[in-house]
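Undergrad: Can you make the complete structure from the sequences, with help from the hints?
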Amino acid sequence: MIETRALAKNFGLKPVLRGVDLRIEAGEFVALMGPNGAGKTTLLRILSTLARPSFGAARVAGFLLPAQAEQARRRLGVIAHQPLLYGDLTAEENLRFYARMYGVSDGARLTEWLERVGLAARRRDLVRTFSRGMQQRLAIARGLLHDPDVVLLDEPYTGLDPDGAALLDAIVQELAARRRTLLMITHDLAHGFALAERALILARGRIEASLRRDEIAPAEFARRYDAVVKG
Amino acid sequence: MTQSSRGERLPAANSSPAAPARSAAGAYWRAVSAVLWKDLAAEFRSKELLSAMLVFSLLVVLIFNFALQLDRAARENVAAGVLWVTAVFSGTLGLNRSLSQEKDRGSLDGLLLTPVDRSAIYVGKALGNWLFMLLVQAVILPVFVVLYNQPMLQPLLLVFVVLGTLGYASVGTLLASMAVHSRARDVMLPILLLPVAVPVLVAAVQGSAGVLEQRAWDEISQWFNLLIGYDVIFLAVAYMAFDYVVEE
Chain V
0 MIETRALAKN
10 FGLKPVLRGV
20 DLRIEAGEFV
30 ALMGPNGAGK
40 TTLLRILSTL
50 ARPSFGAARV
60 AGFLLPAQAE
70 QARRRLGVIA
80 HQPLLYGDLT
90 AEENLRFYAR
100 MYGVSDGARL
110 TEWLERVGLA
120 ARRRDLVRTF
130 SRGMQQRLAI
140 ARGLLHDPDV
150 VLLDEPYTGL
160 DPDGAALLDA
170 IVQELAARRR
180 TLLMITHDLA
190 HGFALAERAL
200 ILARGRIEAS
210 LRRDEIAPAE
220 FARRYDAVVK
230 G
Chain H
0 MTQSSRGERL
10 PAANSSPAAP
20 ARSAAGAYWR
30 AVSAVLWKDL
40 AAEFRSKELL
50 SAMLVFSLLV
60 VLIFNFALQL
70 DRAARENVAA
80 GVLWVTAVFS
90 GTLGLNRSLS
100 QEKDRGSLDG
110 LLLTPVDRSA
120 IYVGKALGNW
130 LFMLLVQAVI
140 LPVFVVLYNQ
150 PMLQPLLLVF
160 VVLGTLGYAS
170 VGTLLASMAV
180 HSRARDVMLP
190 ILLLPVAVPV
200 LVAAVQGSAG
210 VLEQRAWDEI
220 SQWFNLLIGY
230 DVIFLAVAYM
240 AFDYVVEE
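Protein sequence lines, in the order shown, are assigned to chains V and H. First residue of the first sequence? That's 0 in numbering that gives the first Met the number 0, and the numbers climb one at a time after it. First residue of the second sequence? That's 0 in numbering that gives the first Met the number 0, and the numbers climb one at a time after it.
Check the hints yourself; a few may be wrong.
Some chain V residues well away from chain H (every beta-carbon gap over 12 angstroms; in silico) [stated by the list, open to error]:
id, residue
1, Glu2
2, Ala5
3, Ala56
4, Asp213
Pulled a few chain V residues facing chain H out of the computed Cβ check, cut under 10 angstroms [unchecked claim]:
id, residue
5, Lys8
6, Ser47
7, Thr48
8, Ala79
9, Leu83
10, Asp87
11, Leu88
12, Ser130
13, His145
14, Asp146
Calculated directly from the structure, the hints in this document are not laboratory data. Only a predicted model underlies this, so the values are computations on that prediction, with no experimental measurement involved. Glycine residues also receive a C-beta, built at the ideal position from the N, C-alpha and C atoms.
TA: Listed below in structure tokens is the structure:
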């Protein structure tokens, strides 16, 4: 479960988030959309404990941030548009390093993940020799290695080829089926709205709309998005 | 496990979420050793950091040697100073790169997302930086013996090298993690670090000079005690402050 109340973040004198009230139930899949500069990544960085809010409160997986950030991180997986990997380590070494940091002792899970993301044959190759899409595939394994309850995705399709994108679609749908809580930032309105149960529109530092997929047609959602963003 | 739309399955945890560590201290040191292993493995493969530090140190030693070639007395008098100039500047270079590589490649966020006490990340990175400084010194000290004709490989001098580089790496790692967020980080780190590290440097230079001049232990011990004291203070402050420094 993810919850924020009157969440605000300023960078110097510039307000980026201006009182975000958000509630995502456990097991819900929500897409977060909005124009560039709306504060989407800032919101995700606060929820992932990488940034502190200037004002307001946030709770992730039942843990209050920032006071219980370490406990929250144990239940949190993040897949960002940057792969967050080490180029001078092999694919397997990267996963083994993160497994140790997350307290995952099951070595077989590393192999299973490498196979799942299609990198088992390249497990002993340095990550810096990988294409951008292959790095993103490995980033998916890194983010989900510890089987998190809450998954935050920030433009996770960046660099993926159609096959990689289909793989991520399948993984995301499976996570949703297993009732993991998912919050995904995307600029692809149609894709995001088709995958998620609910779409949030963040504009001008606030959540301006919350629309359920089963209550509104995709074309109508696109019209509402335009109206909210331009309004 | 649940069947996905592509007929494959997500690898599931044996117990969800990741099983809690058997003991907090064990988990802490496992995280420290993981960060240290990762830094050493990456560096011994790329050699980016060590080669830059080593080349810089050798250049400093050689330039001072050429400058003081005809003045043997001056060369012997400044040996301790030159030793610490090489340690400080190559160390600053290494500290800067160690953190800026993490930041530029985005892997610093990956580290900070892990569910470990963030001071464990600090301790792992500081140990790595300290080891790199010691490795450079291990190469440079024999060069000093040859070029400066000084007995650099005595145990007490090595103790000062170990303690001095520990103090510098401990406070340097903390300040490098602050400076890495700045656009002018290459300039920012020395500006922040050198004034703060003055007590360690004074104690290290004076202690090393005392050893080379074969002064009595009573004279040297004050610098030794000062170095121990500052190492403990720097490590404790950095341990407590790292979490606040790295968070936005």
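Undergrad: Hints numbered earlier in the text: which of these fail when held up against the supplied structure?
TA: Hint check: 12 fails alone, others pass.
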